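Peer 1: Chain residues, written in single-letter form:
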Amino acid sequence: MLLLSFKNMHAKLKTLKGKLSPKLNLSRFFKKRSKKAGLPPGSIVHIGDKITEKIGISLIKYGDNFCEEKKIENIEESFKEKDDISILWINIEGIHDTSIIEKTGTFFNLHPLLQEDIANSQQRPKIDEYADSFSLFLKMLTYNDDNNQLQSEQITLIFGKNFLITFQEGLKGDVFETVRARLRSGKGKIRKRGTDYLAYALVDAIIDNYFEILEKFGDEIEILEDELMQNPSPYTMQEIHILKREILLLRKSAWPLREVINHLQKEENPLINELTKIYLRDVYDHTIQIIDTVETFRDILSEMFDIYLSSVSNKLNETMKFLTALSTIFIPVTFLVGVYGMNFKFMPELEMKWTYPALWVIMITASIVTYLYFRKKNFI
Amino acid sequence: MLLLSFKNMHAKLKTLKGKLSPKLNLSRFFKKRSKKAGLPPGSIVHIGDKITEKIGISLIKYGDNFCEEKKIENIEESFKEKDDISILWINIEGIHDTSIIEKTGTFFNLHPLLQEDIANSQQRPKIDEYADSFSLFLKMLTYNDDNNQLQSEQITLIFGKNFLITFQEGLKGDVFETVRARLRSGKGKIRKRGTDYLAYALVDAIIDNYFEILEKFGDEIEILEDELMQNPSPYTMQEIHILKREILLLRKSAWPLREVINHLQKEENPLINELTKIYLRDVYDHTIQIIDTVETFRDILSEMFDIYLSSVSNKLNETMKFLTALSTIFIPVTFLVGVYGMNFKFMPELEMKWTYPALWVIMITASIVTYLYFRKKNFI
Amino acid sequence: MLLLSFKNMHAKLKTLKGKLSPKLNLSRFFKKRSKKAGLPPGSIVHIGDKITEKIGISLIKYGDNFCEEKKIENIEESFKEKDDISILWINIEGIHDTSIIEKTGTFFNLHPLLQEDIANSQQRPKIDEYADSFSLFLKMLTYNDDNNQLQSEQITLIFGKNFLITFQEGLKGDVFETVRARLRSGKGKIRKRGTDYLAYALVDAIIDNYFEILEKFGDEIEILEDELMQNPSPYTMQEIHILKREILLLRKSAWPLREVINHLQKEENPLINELTKIYLRDVYDHTIQIIDTVETFRDILSEMFDIYLSSVSNKLNETMKFLTALSTIFIPVTFLVGVYGMNFKFMPELEMKWTYPALWVIMITASIVTYLYFRKKNFI
Amino acid sequence: MLLLSFKNMHAKLKTLKGKLSPKLNLSRFFKKRSKKAGLPPGSIVHIGDKITEKIGISLIKYGDNFCEEKKIENIEESFKEKDDISILWINIEGIHDTSIIEKTGTFFNLHPLLQEDIANSQQRPKIDEYADSFSLFLKMLTYNDDNNQLQSEQITLIFGKNFLITFQEGLKGDVFETVRARLRSGKGKIRKRGTDYLAYALVDAIIDNYFEILEKFGDEIEILEDELMQNPSPYTMQEIHILKREILLLRKSAWPLREVINHLQKEENPLINELTKIYLRDVYDHTIQIIDTVETFRDILSEMFDIYLSSVSNKLNETMKFLTALSTIFIPVTFLVGVYGMNFKFMPELEMKWTYPALWVIMITASIVTYLYFRKKNFI
Amino acid sequence: MLLLSFKNMHAKLKTLKGKLSPKLNLSRFFKKRSKKAGLPPGSIVHIGDKITEKIGISLIKYGDNFCEEKKIENIEESFKEKDDISILWINIEGIHDTSIIEKTGTFFNLHPLLQEDIANSQQRPKIDEYADSFSLFLKMLTYNDDNNQLQSEQITLIFGKNFLITFQEGLKGDVFETVRARLRSGKGKIRKRGTDYLAYALVDAIIDNYFEILEKFGDEIEILEDELMQNPSPYTMQEIHILKREILLLRKSAWPLREVINHLQKEENPLINELTKIYLRDVYDHTIQIIDTVETFRDILSEMFDIYLSSVSNKLNETMKFLTALSTIFIPVTFLVGVYGMNFKFMPELEMKWTYPALWVIMITASIVTYLYFRKKNFI
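Residue numbers (the working numbering), protein chains in the order written: chain A, 112 to 491; chain B, 112 to 491; chain C, 112 to 491; chain D, 112 to 491; chain E, 112 to 491.
Check the hints yourself; a few may be wrong.
Note: identical chains are not told apart, hence a pair may lie in one copy or across any two.
The calculated DMTMM-like cross-link candidates involving lysine to aspartate or glutamate, where the alpha carbons are at most 20 Å apart (straight line), are [claimed, not checked]:
#: 1; residue 1: 283; residue 2: 414
#: 2; residue 1: 456; residue 2: 256
#: 3; residue 1: 488; residue 2: 337
#: 4; residue 1: 327; residue 2: 160
#: 5; residue 1: 191; residue 2: 338
#: 6; residue 1: 214; residue 2: 179
#: 7; residue 1: 193; residue 2: 385
#: 8; residue 1: 487; residue 2: 338
#: 9; residue 1: 272; residue 2: 333
#: 10; residue 1: 298; residue 2: 213
#: 11; residue 1: 272; residue 2: 239
#: 12; residue 1: 488; residue 2: 338
#: 13; residue 1: 161; residue 2: 184
#: 14; residue 1: 388; residue 2: 240
#: 15; residue 1: 300; residue 2: 213
#: 16; residue 1: 355; residue 2: 337
#: 17; residue 1: 161; residue 2: 370
Hints listed in this document are in silico derivations from the structure and should not be mistaken for laboratory results.
Bear in mind that the values here come from a model prediction, so they are computed numbers and not experimental data.
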């Protein structure tokens with residue numbers, strides 16, 4: 112029976128493991144770029160996973176009082192739409208077809224190294240300034256409920272006098288739908304301001320999304336805390352570690368963000384309007400808040416790991432104390448009964464009538480005394 | 112009996128747990144803001160808990176030699192009170208009715224983003240400078256004796272030439288009563304100075320309150336220390352962790368405070384009088400002192416956790432040594448009595464008269480020698 | 112007997128605890144200031160322990176070639192002594208009589224906030240500059256041999272053109288006796304220089320005292336090290352922690368000191384003579400040395416805690432190995448003797464003459480082989 | 112049998128150790144330089160391992176539309192090739208023949224200290240600026256698949272107006288083959304730009320190589336993670352530590368790299384063209400990315416070590432619980448059977464017919480109840 | 112026998128301890144300076160150990176083409192040698208005779224505080240600039256092979272226009288022999304440059320010596336690593352800690368060195384020639400390298416301590432598993448043989464002929480099955 116239960120225990124642990132060992136999925140932290148080795152700088156090589164087959168291109172052209180939207184097949188169509196009065200936002204979903212990047216680069220006069228960076232989904236969040244444009248590299252995070260993991264998608268945002276281009280890696284959907292809605296409806300000031308304000312709105316949407324991720328993490332931490340207090344198991348511990356790793360990924364995206372926004376906010380460039388800077392200050396506050404919360408979560412999770420470890424050693428201690436108490440009570444009396452099981456010819460006690468019950472009395476008394484003593488010493 | 116006591120132990124632990132697992136209450140660290148996703152910047156959306164039903168508005172208008180107090184129903188009434196000679200302090204308790212924020216914002220010409228921030232109780236302590244006003248976001252902490260947890264309430268403090276507005280989240284009571292008393296009585300210089308001095312007095316009241324929180328923490332730490340030295344239990348350990356978490360919250364409010372006060376003190380702005388700056392330096396010293404004490408408390412609590420862990424492993428060691436000593440004494444003699452319990456036909460020892468008492472002598476001597484040896488080696 | 116020794120062990124530990132659990136004495140780190148809540152700034156309220164009943168006031172007035180000393184009852188008497196030629200040092204022992212502080216403040220024109228700070232023994236070491244005076248807040252440390260704890264006494268040092276005032280909390284004695292001796296004897300340059308040099312001499316005396324504290328700590332660390340290497344016990348561990356806590360207090364006083372001295376040394380103020388600055392550089396070097404040593408002591412103590420922990424787990428390991436070896440040797444043979452204690456009718460071995468001695472041979476051989484095997488494997 | 116398996120276990124561990132204990136190979140972190148002690152500065156002494164017997168020297172001379180390659184025996188041959196129009200790249204593989212370094216130094220007018228540094232393979236990555244040349248010291252890393260260790264080779268890169276010299280330590284092969292190919296083919300801008308661009312291309316090649324190392328590390332970390340989740344063993348733990356140490360080496364090369372590139376990029380020197388600086392910014396981004404990834408890997412490996420430790424203590428706990436359960440079930444019943452093995456004359460139970468089966472019933476019932484109780488308490 | 116081996120184990124550990132517990136020798140980190148308390152600044156008091164009885168004084172006077180060496184008895188003799196053309200290097204071994212320091216100070220016009228510092232062997236490495244001279248305080252380290260400990264000797268180096276004075280604490284020998292040899296032979300530029308170059312050469316010699324210390328440490332770390340992988344023992348652990356402490360001492364000397372050299376290199380002072388600065392840059396690189404290596408060694412030693420701890424807990428785990436397996440196999444069968452040792456009158460099994468062998472079969476089968484099961488589960 113014991114062996115059976117022993118077997119069960121192992122089986123149970125195995126099930127847990129199956130449930131618990133989502134791959135580290137290191138590629139989310141670091142992507143292979145071996146293809147690139149040895150090519151001259153400016154060579155546009157796609158680095159990352161090819162996520163979608165077909166690259167979707169959509170245009171939004173707007174001015175003070177109009178807003179047109181279009182889905183196009185061919186990147187060249189968008190070039191004809193560019194003029195000096197209205198603002199053109201080209202959104203390209205997919206970076207594995209490097210010819211599109213190249214054509215766009217040629218038309219908008221983008222530096223070869225910038226073109227190279229667009230195709231490389233492994234950029235750290237950064238901002239680069241060029242003569243007549245800015246490029247921002249950011250990470251859009253989504254929480255995949257299937258495997259409880261964060262997904263990271265790189266967004267490149269390039270804006271000049273009256274154009275703004277966004278490159279996405281191609282994961283379905285984005286966080287810009289609310290910006291599009293504001294453009295369509297003309298609510299707020301978005302149609303009255305320049306490309307810097309549009310860029311701000313997009314960055315703001317990405318960062319707002321981080322708060323949603325943090326909320327999900329917050330919920331999970333609360334559930335884990337309950338578990339830890341009520342019924343800590345190796346499972347709880349693994350969950351803590353998985354969460355820690357996800358937060359590591361979030362952290363890696365959030366910290367450089369601060370520099371990016373700070374740089375943009377301090378920039379003395381005609382492309383960035385003074386009025387927009389107040390909005391950038393607001394975004395900056397948000398990034399600080401995100402970093403703050405990420406660090407708080409890290410602290411709380413580390414605490415939880417400590418609590419787990421000390422609860423394990425408490426349990427071990429309790430088990431040992433119980434085992435010791437058990438041994439202390441039974442080992443001496445077992446010795447005693449052994450004594451009277453000996454076959455010596457001359458053991459006078461064995462012949463007397465009262466010795467057997469007397470032994471029982473002695474053994475029971477000893478056990479009770481030991482038990483009470485342990486009880487008092489808080490040993491059992 | 113053993114099983115019984117075993118059961119008791121579990122029951123006891125359970126009671127402890129019930130007492131010990133106050134919810135993490137993560138929302139104190141981080142509030143959900145999903146409602147906001149997708150709205151244009153400057154949209155005033157309340158983020159946080161709706162604490163009170165009715166928003167209370169009170170006015171204090173004062174000059175060198177007068178001070179009027181009024182409770183009003185309608186925010187518009189306050190606007191009529193504003194003039195260029197006396198100073199007007201409007202205190203609004205509750206931020207969930209965004210229309211009040213909006214009306215105030217329109218009248219006092221507050222930036223839309225500032226209005227948005229007021230309604231969002233999740234601000235990090237910060238200071239923002241505008242053309243003709245300053246806004247300060249601070250956290251007012253109160254210690255809830257019911258659940259031994261800190262409560263945090265956001266205070267927004269906006270002041271311009273001769274007005275000062277405070278927005279509170281709406282928890283009952285605040286820490287400003289002493290400032291009001293000074294205004295009423297006209298003691299000190301408070302009625303003779305400008306809004307900057309009033310702002311200083313309010314900030315000082317908030318920070319003074321932090322010292323009271325620290326005192327409470329100090330008392331708890333001393334109690335815990337006693338417990339740890341006299342009778343460490345898993346309960347002590349959990350208390351340490353709960354305290355650590357509360358201090359994490361205090362810390363999150365205190366560190367940014369330093370920057371806020373420092374910024375205010377360094378400010379070159381006609382709104383901030385040179386005379387007030389000496390008082391701000393004093394407040395700055397207080398924030399440094401608070402941070403210092405918070406960090407000291409953290410260090411002490413970490414130390415206490417280490418002491419707890421090493422006391423657990425000491426106990427485990429003592430238990431193991433006792434068990435080993437017990438086994439060492441009884442296992443060999445139990446073997447011996449087993450030997451003479453064997454039923455071999457030809458065991459000459461069994462027939463001799465003196466072997467039984469001799470065996471007793473041997474066994475007792477061996478036990479005593481072993482015992483003394485262990486004693487000497489400090490093993491028992 | 113075992114139970115007895117078990118009892119002894121507990122008793123022994125209790126004695127140790129009595130010896131070892133000096134109160135944390137948190138008030139040394141942080142003093143209550145609740146009395147103050149709600150008073151206007153500049154209100155002089157005593158915060159701290161009332162140490163002495165009677166406040167002692169002493170004067171030293173000196174010039175190039177004279178030095179007068181006086182003990183006075185009434186602070187007003189000192190004001191008459193002030194003139195523009197000689198230097199007046201007023202030393203006030205006790206800060207709980209705020210009227211003395213107020214009168215002094217009024218006569219010497221001290222800022223109300225400064226007066227408030229003097230009465231508050233909870234200041235962090237700091238330096239404040241005013242129009243015509245400097246104020247320094249420092250901690251004088253003394254090692255109380257009775258309870259092996261540091262005592263901290265706040266010294267406020269205010270100096271202007273030709274006066275210097277020191278406020279002490281009122282602990283018996285101070286570290287200034289050597290400075291007084293130099294003033295009396297006229298040795299060195301102390302009577303020929305200004306108040307800045309006197310201030311330097313006093314600060315230097317305070318800091319020199321820190322080195323003595325460090326020496327005491329150094330001695331204790333060496334004793335502890337010996338103990339740790341020869342005979343580590345829970346007692347050693349607690350000593351380490353107590354020392355760590357004392358060093359935390361020293362550290363809290365030493366780090367801000369560096370800023371204070373550095374500020375003074377960099378000051379461009381006619382009150383601070385260029386010649387004095389070279390001496391301040393020397394004091395600055397001393398503070399750096401103190402901080403350095405404090406940090407080294409912290410490192411060494413952390414190391415010692417690690418050594419303690421690993422020595423505990425080594426011991427546990429040794430105990431377990433011994434227990435396992437014991438079990439491995441006796442459990443199988445105890446089983447064997449059990450076998451031949453069975454009462455089966457048909458056990459042919461029992462009838463043969465040579466089986467009993469043969470069993471002994473087998474059991475002894477098995478034990479020896481196991482023992483030697485363990486020996487070789489370094490298991491026992 | 113048990114002993115046998117015990118022996119096997121030891122044998123197994125030994126095999127693992129043989130596999131697992133690659134020498135720390137500390138010389139990769141730190142090379143002996145005793146030979147040098149006492150020589151005047153500028154003495155060229157080779158420090159490091161003599162890797163190759165014969166020093167290989169190769170030349171590449173190129174201009175806008177030509178590119179010549181040559182292998183030479185004698186360093187003097189290269190000096191004749193230098194002219195003012197084309198660019199000369201001299202690549203010297205081996206630094207143990209100091210006469211070559213000296214002759215080169217004399218011809219190209221290199222500072223004696225620079226010559227000394229070239230011969231010393233223990234340089235930290237650094238950049239030194241001289242009147243008419245720059246020198247860069249970098250580390251080229253290669254992953255040795257034989258012993259799973261990184262190998263580090265020092266590259267010194269000196270460039271002036273129209274020459275560039277590279278000194279390698281002499282390990283077979285280098286990472287410059289792709290640069291040579293681009294020079295030969297004339298693809299890209301490499302032949303049209305100056306020595307600064309060539310230097311950039313070489314540095315870029317070295318850094319690109321770092322990414323390949325990181326990929327290998329990433330692969331190993333993923334394998335280790337799987338192992339850790341499925342079947343953690345001391346072997347896994349050692350692997351984690353070995354990886355940590357390799358990453359320490361990578362880190363030591365990567366951090367100073369950042370300063371080097373940053374310095375080069377900020378340099379105001381006619382030797383560094385403005386156009387090249389944009390490329391240097393790109394390289395700088397890469398170094399940041401490398402450092403970022405190295406730190407992430409460190410974090411992940413630390414996490415993994417924590418997981419390992421807590422999995423060990425979980426296992427210990429499980430084992431102890433099993434042992435305790437086993438003891439709790441069998442010790443009491445063994446005591447009972449001992450009782451009825453006693454030889455007292457008057458034990459009435461022994462005479463009754465139903466007592467033997469009754470005892471069985473009692474023992475089995477007790478075992479089952481205990482077992483079920485433990486089961487419910489999740490103890491087995 | 113067991114007890115015997117137990118005794119042996121203790122004896123063995125004791126021997127190890129004798130070998131292993133070299134005194135912390137804290138005075139190497141911190142020297143007592145109580146003698147000094149209360150003296151006016153500028154009082155020259157020797158702090159440190161009196162190492163040598165007789166203070167040795169030696170002179171080297173050199174110019175472009177001559178170099179005279181002299182050992183003198185009396186410091187005054189050296190003053191006569193000073194002239195404005197040649198450079199005079201006075202080397203004084205021993206600082207406990209303060210009259211020598213005073214006379215030198217008076218002749219060379221050294222600041223009283225500088226004189227005080229020379230006599231105090233507890234200086235932190237630092238540089239002080241005076242009107243017409245520089246003073247450098249450095250630590251010369253030597254590795255004492257007798258007790259495997261570092262020894263630290265303070266060197267004060269004072270140089271002005273054409274004199275350089277070195278004060279050593281008086282340990283036998285120094286690291287300057289190579290510099291003297293270069294002066295004697297006139298090799299290199301040392302006789303052609305000023306005192307700044309001589310100072311550089313001496314500092315360089317001191318720092319070169321640090322590399323030798325690091326080499327010794329490197330060797331020890333490699334030996335320890337081998338030990339840790341092959342046969343970790345408490346001895347290994349103590350060695351790790353001893354090494355850590357020695358490195359702490361080295362670190363304390365190395366870090367401030369960086370500031371000293373950096374200060375010297377940045378100095379705008381006619382005493383420091385521009386040509387010398389390139390050499391100082393080289394020395395600066397060396398100090399960075401030393402710090403780098405020290406930190407790497409610290410990291411490696413911390414790693415090693417972690418490996419040790421986890422190897423201890425692995426062993427504990429193995430031991431427990433073995434003990435559990437042993438118990439699981441023998442406890443049930445011991446119970447069974449106990450059953451058939453009972454003396455009940457009516458135990459039908461006892462009467463049957465086949466039950467005894469059958470029991471053997473059952474017991475052996477059960478053991479083998481359990482054993483195989485454990486084997487498969489990797490439990491033994």
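Peer 1: Hint by hint, say whether it matches the structure.
Peer 2: How the hints compare with the structure:
1. 283 x 414: neither (37 Å within a copy, 32 Å between copies)
2. 456 x 256: neither (79 Å within a copy, 70 Å between copies)
3. 488 x 337: The answer is between: 19 Å across copies meets 20 Å, while 31 Å in one copy does not.
4. 327 x 160: Between copies, since 18 Å is at most 20 Å while 26 Å is not.
5. 191 x 338: neither (60 Å within a copy, 56 Å between copies)
6. 214 x 179: neither (23 Å within a copy, 35 Å between copies)
7. 193 x 385: So residue 193 and residue 385 fail the 20 Å test inside a copy (25 Å) and across (31 Å) alike.
8. 487 x 338: Cα proximity of residue 487 and residue 338: across copies only (18 Å, versus 32 Å in one copy).
9. 272 x 333: Answer is neither: 47 Å inside a copy and 46 Å across each miss the 20 Å cutoff.
10. 298 x 213: Cα proximity of residue 298 and residue 213: across copies only (17 Å, versus 35 Å in one copy).
11. 272 x 239: within (16 Å within a copy, 29 Å between copies)
12. 488 x 338: Result: close only across copies, 16 Å inter versus 31 Å intra.
13. 161 x 184: within (19 Å within a copy, 50 Å between copies)
14. 388 x 240: This pair counts as both: shortest intra-copy Cα distance 17 Å, inter-copy 13 Å.
15. 300 x 213: between (33 Å within a copy, 18 Å between copies)
16. 355 x 337: both (17 Å within a copy, 17 Å between copies)
17. 161 x 370: Classified as neither: same-chain Cα gap 29 Å, cross-chain 35 Å, threshold 20 Å.
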